[in-house]
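Visitor: Sequence:
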Amino acid sequence: SQIDQNLRKKFFNFQKWLTLGFVVAAVHGRIDSVLLLRLGGADMTGFYQAAYRFFMPVIQLTAALSLVFAPRFASFDTYQKTKKYLGKAIKLSLGLAALPLLIIPLSPFLVKLIFGLDYQPSIITAQILCLGFAAFLAGAPFTAHLIYSTHRTKLFFLINLFQLVLLVTLDLLLMPLYGSQGAAWAMTITLIIINSLLAVLAITYAPAKN
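Number 20 in our numbering belongs to position 20 of the sequence shown; there are no gaps in the numbering.
Just so you know, the hints here were simulated from the structure itself, not pulled from any lab data.
Check each hint, because a few of them may be wrong.
[Unchecked claim] In silico DSSO-like cross-links for lysine-lysine, where the CA-CA straight-line distance does not exceed 27 Å:
1) 81 with 91
2) 88 with 154
3) 84 with 154
4) 10 with 112
5) 83 with 154
6) 154 with 16
7) 9 with 88
8) 10 with 81
9) 9 with 112
10) 83 with 10
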């Protein structure tokens, strides 16, 4: 029937842009280490990756939050319900976003304990990264809202594409000058800009009509 065809078309378009967005996200999740290896060498890459490892739990926690937020945003049938839940989700994410900031005082001890004295350059790198990953964790509800409430998966793809371009540009500018710290600043600046953009879009776009 015509209705079934329209539903299939809507689902295909939704899933197509969502998949492309995740593919691009997978690329910009790894491109910094590849570029740093070429521009800064193995030592700088090692320092950066050591610092980055502290934030793997943050990435996993953000993914878990997204899995919780997604079905809730998809289920609401009124703007008021969506807005109320978004407010609660933002408060939760902002509270949890304080956790990565603990790396600032703890990184000197943790780096020496886990990686040894040779990895002292990773201390400042980790302290820089914690700012970006705090923004990343705080942005979890905005991403889920954009995808599952407003259904703007094409915009999700475009944001990820912009994130990739921005990250690579900053990497190429900062890595040759500052090595692993340049990579950390590139990642942090990118995450803050992208998640600030997602916050603005969450306020701008109303939920899609089911």
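Visitor: Now, for every hint given, state plainly whether the structure supports it.
Guide: Here is what the structure says about each hint:
Restraint check: the Cα-Cα separation between residue 81 and residue 91 comes to about 16 Å, which is no more than 27 Å; the hinted pair holds. A distance of roughly 26 Å separates the Cα atoms of residue 88 and residue 154; the hinted pair therefore holds under the 27 Å criterion. With a C-alpha separation of about 25 Å, the suggested pairing of residue 84 with residue 154 holds against the 27 Å cut-off. A threshold of 27 Å between alpha carbons decides the hint, and for residue 10 with residue 112 the separation of about 53 Å lies outside it, so the pair is violated.
Among the hinted pairs, residue 83 with residue 154 is consistent with the structure: their alpha-carbon atoms are about 22 Å apart, no more than 27 Å. Between the alpha carbons of residue 154 and residue 16 the distance comes to roughly 8 Å, so the proposed pair stays at or under 27 Å and holds. Our distance criterion of 27 Å between C-alpha atoms is broken by residue 9 and residue 88, whose separation comes to about 33 Å. For a cut-off of 27 Å, the pair hint linking residue 10 to residue 81 stands: about 24 Å separates their Cα positions.
Taking the CA atoms of residue 9 and residue 112, the gap is near 55 Å; set against the 27 Å cutoff, the hint is violated. Taking the CA atoms of residue 83 and residue 10, the gap is near 24 Å; set against the 27 Å cutoff, the hint holds.
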